[in-house]
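Engineer: As you go down the protein sequences, you meet chains S and G in turn.
For any residue, its number in the numbering used here is found by taking its place in the first sequence, counting from 1, and adding 119.
For any residue, its number in the numbering used here is found by taking its place in the second sequence, counting from 1, and adding 1.
A few of these clues could be false.
What the hints assert, rightly or not - Here are the simulated DSBU-like cross-link-like pairs (lysine-lysine), alpha carbons at most 35 Å apart as the crow flies: (1) S:295 <-> S:355; (2) G:193 <-> S:359; (3) S:140 <-> G:216.
Hints listed in this document are in silico derivations from the structure and should not be mistaken for laboratory results.
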Amino acid sequence: MDFSLSDQEQMLHDTVYKFAKNEWEPRTLEIDKEERFPMWLWDKFKEMGWCGLMIPEEYGGAGLSLLELCTMFEAAAHAGADIGTCLAWGTHCTIGSLPIVFCGNEEQKKKYLPRLASGEWIGCFCLTEPNVGSDAAHVQCTATRKGDHYVLNGTKMFITNGPNADLAVVFAATDKSRGAKGVSAFIVERTFPGYSVGKRLDKIGMHGSETSEIIFDNCIVPVENRLLEEGEGFTKVGAKILEYERNSLVAIWTGNLGYNFDLSANYAKQRTQFDYPIIRFPQIRERLVHMKLDYDISKLLMYRAASKKDSGKDGPLEATEYKIFTGQASQRSASEAIQIHGGYGLMREYKVERSLRDAKLVQIGAGTEQVLTELVARLITDTRSLIG
Amino acid sequence: MNIVVAMKQIPDLQQVRIRNRQPVLDGVPMTFGSIDKNALETALQLKEAAGGNVIVISAGTEELEDTVKEALAAGADEAYLVLDDELENIESSVSAHLLAELIKQIENIGIILFGEGSGDNYSGQVGPRIAEILGLPEVGYVCDIELEDSRVKVTRSLEDCEEIVRVNLPAVLTIMADINEPRIPSVTQILKAGKKPKQILEVEDIGLDLKGDKKIITLSSLAPENKRKQITVKNGEELVDALLTEGVIRR
Ligand SMILES: Cc1cc2nc3c(=O)[nH]c(=O)nc-3n(C[C@H](O)[C@H](O)[C@H](O)COP(=O)(O)OP(=O)(O)OC[C@H]3O[C@@H](n4cnc5c(N)ncnc54)[C@H](O)[C@@H]3O)c2cc1C
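Chain S extracted, bound-state conformation:
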């Protein structure tokens, strides 16, 4: 068993780390305050080919493996890239594009993937609704077939990239009576009649990513924009993509664990109290050790989950365990990082407070911790919970 990255993975890691450290991290305070997706950064991503990471080369992407993708997200956040912008970027590269990569037909791929890969278009993923979160199979948004098109009606909630997206992958019920098996997935362009961006949402953190509602009011979607067959939206498209989402976007938080550790260790070496750098105090040392352990374990779980998926096997247990652990580690790590920084830790300038604000989402998005814990319990005990 070899835990080291291949030459190629290492080089991707180093390039991203260096770029993030030199050009992105120095501007994270500004990104956090402006609460806008930094388009200047997106322009650089376009130049560097960072917009179509897992899109196959024949459609203009880089054709990366999941492990390579995770390595890039981890490297960026470890170097201090803000979780918000990483989330917006990651959403585009995964749930905003992969449904077409994995479930699109040749025409859909040819039409949409090159634009997503070049970064000309930004993608988003519309599953959650105001009244439908964890119970995502019961979407209330409807799609009614009318000849050669569908008419979509309903509101989607908490949509990452909502305000900036040119293309949305949307889940809507084509047959409500069939529950999960009555949900279909559609590729919807922003310019389709009846599509509009609803309220922009004001969040605790993740400020580099913009979140909004997306509203479908008699939105006309051509039949050829349906992914797979009617009724396969949740069971096939959703199921496949959510596992990738769990596996990949979490890498951003893994990287953040490394960033928290680096900032805290540096600070502890520089800050002197009672005539000694505080790193000499046992309680600080112990906290740092646990922060590093959390980072390392999360990274190993990431390698395990991603390499299993890359080997062609499904890894629901590996991906879910990885997400649960990293979610909990993120809360601890951000809190300890602030603790080590003392009062300065609460000041925006010192940057660790942002980790605390950004940490919570990983326990909520793409399956809450409770829902995922139940999933793991089922997988490892082959039993079901009394309730639910």
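Once you have looked at the hints, place chain G with the ligand on chain S.
Structural biologist: Structure of chain G with the ligand alone, referenced to chain S:
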């Protein structure tokens, strides 16, 4: 035509922190000097305009084998390297000899490019020394290059004027930092970089004796002391007064 670019590995200066006035080099990754990256970009643009191969040459410690991937990812086609951990802090004359030997192994050379100075010592000597060793013409302070069959038209940026010269190829050109903006390697280029050819030599292969006295020994490198003072002012007038008192501005 082969376009050769000499690049020197140095610590990533953007990541060097200062503690107690000393630079902290621990954990700072290696990269190439920033003007060397301009030289590489120049080579890539020449290749895009007229074809050919871009070959990076470099001499340095074992880490160089990794660092060079940065240049290969940026678009260089091939690398010729001398690797030896004894090559830390070598002096310009030694670098020039090593690199000249590397260059002799490359056929069909059109242009040999250098940055005007390296990112660490900025001696600016290696380019001219190599031209001397190889008996080639050398043009410095280059801010523009135009290819013309077997010659190049080169613009030199001098203190208060520009000079345009023609030089027969092969020639050594040392270029200025403002000649271009180096590209950031794209993901697809990075994926290709690992497979590009690298010729690796050792110091013995070159037949050079690295004597201890050919090393530069740094006696001290101290960051200038920052005198920080905080003064609170209520309005513009007070600010002007304070700046005058501090001697920052004069009437
Ligand atoms: C910043 C942000 C970005 C997002 N981006 C997107 C996006 O791009 N696209 C998208 O579709 N969605 C997105 N989401 C939505 C996200 O996936 C949902 O918030 C998440 O699935 C949880 O749904 P909910 O918020 O409605 O919580 P609910 O499902 O209402 O849960 C409330 C609480 O009840 C618990 N709970 C629910 N069911 C059970 C159960 N069976 N057993 C035990 N406990 C349970 C939950 O764990 C939670 O603690 C985003 C959310 C946020 C905050």
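Engineer: Taking the earlier hints as the rules, which of them does this structure contradict?
Structural biologist: No numbers; nothing is violated.
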